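Participant: Chains as they are written, first to last, in our numbering: chain A, 1 to 386; chain B, 1 to 252.
FYI, nobody ran anything at the bench for these hints, they're computed from the structure. Hints are supplied without guarantee of correctness; some may be wrong.
What the hints assert, rightly or not - Now the in silico label distances, taken between C-beta atoms and shown as ranges:
| # | chain 1 | residue 1 | chain 2 | residue 2 | range |
| --- | --- | --- | --- | --- | --- |
| 1 | A | Q273 | B | T225 | 27 to 35 Å |
| 2 | A | E10 | B | D240 | 51 to 59 Å |
| 3 | B | V252 | A | T22 | 37 to 45 Å |
Because the structure is a prediction, the values reported are computed rather than measured. Yeah, the Cβ is synthetic: ideal placement off N, Cα and C, and Gly gets one too.
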Amino acid sequence: MRFGLTEEQEMIVTTVRRFVETEIYPHEEQVERTGEVPAEIAGAIRAKTLELGFYACNFPESVGGAGLGHVDFALVERELGRGSMALTHFFGRPQNILMACRDDQTERYLLPAVRGEKMDALAMTEPEAGSDVRAMKCSAVRDGGDWVLNGVKHFISGADHADFFIVFVATGEDQTPRGPKKRITTFLVDRGTPGFAVRDGYRSVSHRGYRNMILEFDECRLPDGQVLGEVDGGFAVMNEWLYATRITVAAMSVGRARRCFDHALGYAAERKQFGQKIGKFQGVSFQLADMITEIDAADLLTLMAAWRLDQGLPANREIAGAKLYATEMLARVTDATLQIHGGMGLMSDLPIERFWRDARVERIWDGTSEIQRHIISRELLRPLGA
Amino acid sequence: MKVLVPVKRVIDYNVKVRVRADGSGVDLANVKMSMNPFDEIAVEEAIRLKEAGKADEVIAVSVGVKQAQETLRTALAMGADRAILVIAADDVHTDTEPLAVAKILAGIVQAEQPGLVICGKQAIDNDMNATGQMLAALLGWSQGTFASGLDIEGDSALVTREVDGGLQTIRVAMPSIVTVDLRLNEPRYASLPNIMKAKRKPLEEKTAADYGVDVTPRLEIVSTTEPEARAAGIIVGSVDELVGKLKEAGAV
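So here's chain A without its partners, still in its complex pose (with noise of 0.2 Å):
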């Protein structure tokens, strides 16, 4: 058993962690007061990182990516995973989904994102259709030689900043034992495109400025070279693209975990009460016992994880497990770092109540804890005839 990280690796981290404290970490106030990352702040980000060959590292070398393996790519998400993700956005590493591109989707699409000259976002939920992927409404059905789209799509992240979007859409029904199951197809859909419009989405408590937006198709005409993979392949597209991006949520807890702790450690470590520091105090002093091993584990999985994608051995429980132990870590951490913090920890000046809205959502997205358990659970039972 081999624990430790390569030159490379070690050479990986120790690169994105100082992009991340010299380049993120100085406009994180400015983006949670205003809501907004400044154009010129987004462009400098998406320059550096081009400049640095880390744009789309997690694309293979073919496409003009740097072939990062999964472990590799798991360390660059937990890295940035320190640092807002309104910006880190801009540190691009577009949707892996692209590589289904073909024909002259990859001239059009795959290239310039991997370039860093368009950006995508990825559009799957619906107000109606959350965990519950096939209860979607947004539908294409065909008209002459082209699909006609209607329908809403809400929470989708990077929509603000994104020239073209991945959209699941229904285009069917089957008949199954079990009811009706829809059929799914993916489109790439152009901003600007007649009868699409990207809208303001919610306020969110989580990651400020990193907005969620609305999307409406209304009779929104497609040709048939906007198909991404095979009309009613939707599920196979997302099954063979888009399992990976749950290890993206427990690498990036991870990271964010860390960097919540240092400041427990250290507050632990100068503040006093009661005529001594308050880490001497085994409530405090056990918590932080508790909080590293948790982030130490939580490491564990989600780079373990990586690695059984990288070895090509089964990995959706393991997956799953990563992220449902990491987000939920992540809480305890957060929720325990304030409570140390006591009074202060709530208040804006220090960015402890930051991690603590922010690790909300980390439950939630990309398959909520629930579903995560639902997986794992399937894994184990499925083969007993359970």
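For this one, chain A is given, so just place chain B on it according to the hints.
Facilitator: For chain B alone, kept in the frame of chain A given last:
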């Protein structure tokens, strides 16, 4: 022209250092180590000279323990072409003294014949600020210390030096030793393609004996102590009170 850049593995500048129980120095076991920040500036300057077509090859060299290999990989990832590691100690707590390092570097200079050696002005661990100067003396080369500017002009170089209250520019004959100060440049991050390439770049391993240098310490560390803790401050309620307190303390 070849440029030689000596780099030292030191305790990371973010680490809160702790004195070892026996007072022999600072605890270096299980703490994060990095390249001396002044040496990063030296590596950056050498790479810029190469990018500007004024240097053909950048050679990073480190003298110390085997783990200094990581420091050299960082230099390679920043853009140095190859590296030489001279193992001069086994224990991470053994600090090879400036004179021994300078003698080893002099041996490397004899073998490699660089036109320029760029070093950090000092290492942030023991602040000796001596190796570059000693190397210049051993080689009989010119030296420009505390450089905040460097221009190569044929067989001489213009070195801008930070001196008390201003800047001084001197012309030194090449080959030369230049030690660099904080404001010379801002070192780059290692790019991802260079990180991936670093492993494939040559890293030659040598020992102090290969250069016939005796690294036995000449200095004895008598004691190492933590700085005195700063006394707690007080919060004053008004300007009058502040002035009163300052008068009491004899500060005004």
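Participant: All the hints need checking, so say for each whether the structure fits it.
Facilitator: Now the hints, each set against the structure:
1. A/Q273 to B/T225: 27 to 35 Å: Check passed, 29 Å falls within 27 to 35 Å.
2. A/E10 to B/D240: 51 to 59 Å: Between A/E10 and B/D240, where Cβ atoms are some 57 Å apart, the hint holds.
3. B/V252 to A/T22: 37 to 45 Å: Given about 40 Å between the Cβ atoms, the range holds.
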